[in-house]
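Peer 1: Could you put together the complete structure from these sequences and hints?
Spelled out from the first residue to the last, the chains are:
2 protein chains.
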Amino acid sequence: MTTVSVLGSGIMATALSFPLADNGHDVRLVGTHLDRDIIDSIKKTGVHPGLDRKVPETVRAYQLEEAGEAFEGAEVALSGVNSFGVRWAGEQLASLLKPGMMVLSIAKGMEAAENGDLRILPEVLAEGVPPDLLPQVSWSAIGGPSIAGEVAARRHDTCVVFAGRDADVLRKLATLFRTDYYHVWTSTDFLGVEVCAALKNCYALGAGFAEGMLERAHRSGSRDRNYNYSAALFAEGAVEIVQMMRLLGGRPETPIGLAGVGDMYVTSQGGRNVRAGRLVGTGLPFSEVRKRMPGVTLEGAAAIVVIGGALPKLTGRGIIKPEDFPLLRHLHGVIAKDEPLNMPWDTFFGPQNAPPYEQIYETGD
Amino acid sequence: MTTVSVLGSGIMATALSFPLADNGHDVRLVGTHLDRDIIDSIKKTGVHPGLDRKVPETVRAYQLEEAGEAFEGAEVALSGVNSFGVRWAGEQLASLLKPGMMVLSIAKGMEAAENGDLRILPEVLAEGVPPDLLPQVSWSAIGGPSIAGEVAARRHDTCVVFAGRDADVLRKLATLFRTDYYHVWTSTDFLGVEVCAALKNCYALGAGFAEGMLERAHRSGSRDRNYNYSAALFAEGAVEIVQMMRLLGGRPETPIGLAGVGDMYVTSQGGRNVRAGRLVGTGLPFSEVRKRMPGVTLEGAAAIVVIGGALPKLTGRGIIKPEDFPLLRHLHGVIAKDEPLNMPWDTFFGPQNAPPYEQIYETGD
Numbered sequence: 001m002t003t004v005s006v007l008g009s010g011i012m013a014t015a016l017s018f019p020l021a022d023n024g025h026d027v028r029l030v031g032t033h034l035d036r037d038i039i040d041s042i043k044k045t046g047v048h049p050g051l052d053r054k055v056p057e058t059v060r061a062y063q064l065e066e067a068g069e070a071f072e073g074a075e076v077a078l079s080g081v082n083s084f085g086v087r088w089a090g091e092q093l094a095s096l097l098k099p100g101m102m103v104l105s106i107a108k109g110m111e112a113a114e115n116g117d118l119r120i121l122p123e124v125l126a127e128g129v130p131p132d133l134l135p136q137v138s139w140s141a142i143g144g145p146s147i148a149g150e151v152a153a154r155r156h157d158t159c160v161v162f163a164g165r166d167a168d169v170l171r172k173l174a175t176l177f178r179t180d181y182y183h184v185w186t187s188t189d190f191l192g193v194e195v196c197a198a199l200k201n202c203y204a205l206g207a208g209f210a211e212g213m214l215e216r217a218h219r220s221g222s223r224d225r226n227y228n229y230s231a232a233l234f235a236e237g238a239v240e241i242v243q244m245m246r247l248l249g250g251r252p253e254t255p256i257g258l259a260g261v262g263d264m265y266v267t268s269q270g271g272r273n274v275r276a277g278r279l280v281g282t283g284l285p286f287s288e289v290r291k292r293m294p295g296v297t298l299e300g301a302a303a304i305v306v307i308g309g310a311l312p313k314l315t316g317r318g319i320i321k322p323e324d325f326p327l328l329r330h331l332h333g334v335i336a337k338d339e340p341l342n343m344p345w346d347t348f349f350g351p352q353n354a355p356p357y358e359q360i361y362e363t364g365d
Numbered sequence: 001m002t003t004v005s006v007l008g009s010g011i012m013a014t015a016l017s018f019p020l021a022d023n024g025h026d027v028r029l030v031g032t033h034l035d036r037d038i039i040d041s042i043k044k045t046g047v048h049p050g051l052d053r054k055v056p057e058t059v060r061a062y063q064l065e066e067a068g069e070a071f072e073g074a075e076v077a078l079s080g081v082n083s084f085g086v087r088w089a090g091e092q093l094a095s096l097l098k099p100g101m102m103v104l105s106i107a108k109g110m111e112a113a114e115n116g117d118l119r120i121l122p123e124v125l126a127e128g129v130p131p132d133l134l135p136q137v138s139w140s141a142i143g144g145p146s147i148a149g150e151v152a153a154r155r156h157d158t159c160v161v162f163a164g165r166d167a168d169v170l171r172k173l174a175t176l177f178r179t180d181y182y183h184v185w186t187s188t189d190f191l192g193v194e195v196c197a198a199l200k201n202c203y204a205l206g207a208g209f210a211e212g213m214l215e216r217a218h219r220s221g222s223r224d225r226n227y228n229y230s231a232a233l234f235a236e237g238a239v240e241i242v243q244m245m246r247l248l249g250g251r252p253e254t255p256i257g258l259a260g261v262g263d264m265y266v267t268s269q270g271g272r273n274v275r276a277g278r279l280v281g282t283g284l285p286f287s288e289v290r291k292r293m294p295g296v297t298l299e300g301a302a303a304i305v306v307i308g309g310a311l312p313k314l315t316g317r318g319i320i321k322p323e324d325f326p327l328l329r330h331l332h333g334v335i336a337k338d339e340p341l342n343m344p345w346d347t348f349f350g351p352q353n354a355p356p357y358e359q360i361y362e363t364g365d
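Chains as they are written, first to last, in this note's numbering: chain A, 1 to 365; chain B, 1 to 365.
Bear in mind the hints are in silico, worked out from the structure with no lab data behind them.
Note that the structure is predicted; figures quoted are calculated from it, not measured.
Honestly, I wouldn't trust all of these hints.
Said to hold, decoys possible - Derived DSBU-like pairs: lysine-lysine, alpha-carbon spacing no greater than 35 Å straight-line:
{"#": "1", "chain 1": "B", "residue 1": "K321", "chain 2": "A", "residue 2": "K172"}
{"#": "2", "chain 1": "B", "residue 1": "K43", "chain 2": "B", "residue 2": "K172"}
{"#": "3", "chain 1": "A", "residue 1": "K337", "chain 2": "A", "residue 2": "K313"}
{"#": "4", "chain 1": "A", "residue 1": "K321", "chain 2": "B", "residue 2": "K172"}
Peer 2: Here it is, written out as structure tokens:
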């Protein structure tokens, strides 16, 4: 039996307690300052309100002020906050981590420096930790297609990839989580998996555009569909994720699998980001969409602002070309600058996306 | 104005007459022996019954016995039959083609020899053509995500790739078809695009399994979803398509774009193959599913039988390993041998799928 302390009690963090508890591990769920009601509910009734389901009986819930107790004797620290909470979580972990602990993070996103340099979130998470402790703690993260409610529903098969630099640590972590429904692979392409995780959120927002465009044309609900449009965006998204691998140093094969196209597929099937994309498709400027979804976390939109916003800076420094990442640039225009949706098809699938391959497609126009 | 004669008047062949007619070309639609009612309907009312829409006014319809007239002076021969009709279409084209004509094919599938060797359909199509005529005709094909009804609905953006060995021919063909909604790229990876087109049909059938499994558990229609399952299959499908590129000699980047993940995405969104997969997911043996869908063309199931059936032969000859293509092998067991659905998760994403890359994932178990 291993003790796993989870910082954050959102639906994904809590869902992960199911395979852990099924394997007989000691899971301690620590709410953030935003999770007080969740922890209260679990303490009183066992029910997680967001998941709308009882957590496993052996899982214990703690308010943030009880975090010290919750982390006592823990071998694994699961950072269960989303991309907006990573810096905060790093500060908390600074005092909670002990030498030898394994940190596993679930946030999907990236951070950009002033000059446009992009960093993966586990680096941000580790930043708050004292330099002498840093090398005594391992850092890993979860990628791949995993909707929380399906993991918590059990027996819903879910395939994920645990990524980090230390293969031994990954093997240990994978063993803790593996059940007959939660299938875990490991990858030492830490950067590649994390970049895929961040980018798929960007492109999946666009999966909503097509449906919104039909609504605008009053054709939604009819037999009319607009899947060709979404599929073309999916394909260009995959091309650009591979391109980002080359730029940042991830393995080119990582996007072709769970972390890349697998996760982009699941995220494109629905959820808040796709809903935001749908509203954009109806013709609303994104600032208006944002107003209509008050308090709703939109990690895809946030990732577009961060990563898309870095592209002009990287272009200015000569690191990428102006014709690189045409879809992500357009998404950034729409989300960050309220530009209207006007897909620049002719800029997609160009030879600029190709090296080190000869050429993916010969250009059309 | 260019004359394009289309052999076959199914919904995809007919849909392609829309961009051609919009560009002012002379389109002549020739029905097969199975299309008599379609041609009658177009001749009388202009309406294609399958598309449930009028074809463009300039498009002329011909019964099969009028094919000679329809092909007179044609510069392009569009082979508009599906994978089941390719051999027949080749025999027809043998007497209809003239030196200098460009053939463009839309069928998606593969053919296997007795020993398991796999061939792309344009090769089968060309087989019936007299040897002296063969080098005087060019052969190309269309790949990428393109649902016929959306192309025919116009203004529904569709991105496709025209593939062949002759870049000049591809440029000419692309120019004939390009409109502001029908976007055409070209690729000289003829084999790669065609292999993607065939394989995506196999894997997309599996996109229905998850929904069927929920129905079986009486959870369909509830908030419960099973997208993680479908996404994992999508990811493994992408891995196996890349692996097939290596085996048959396509470019490894071709699956990452319109022809591969783009087309697999659109095909996974619905249609007859997904419906068949859904019924399999409910627990029915495929032979029973087949009975419940009488007369329905299932190109995905057919491709699974052909390509999946070739795998043991290729394994026996030492060309692939027993652990290669685990998902396609399981699909073959389900579709061709009535085996029950029992996803072999632990065999997915293995290092056997990796070379020439180092390793996609370290194995789990």
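Peer 1: Tell me if the straight-line CA distance from K321(A) to K172(B) falls inside 35 Å.
Peer 2: 29 Å, holds
Peer 1: Could you grab the alpha-carbon distance between K337(A) and K313(A) and see if it respects the 35 Å cut-off?
Peer 2: Holds: K337(A) and K313(A) sit about 16 Å apart, inside 35 Å.
Peer 1: Is K43(B) within 35 Å of K172(B), Cα to Cα?
Peer 2: 30 Å, holds
Peer 1: Between the alpha carbons of K321(B) and K172(A), is the straight-line distance 35 Å or under?
Peer 2: 29 Å, holds
Checked against the numbered hints above, the structure breaks none of them.
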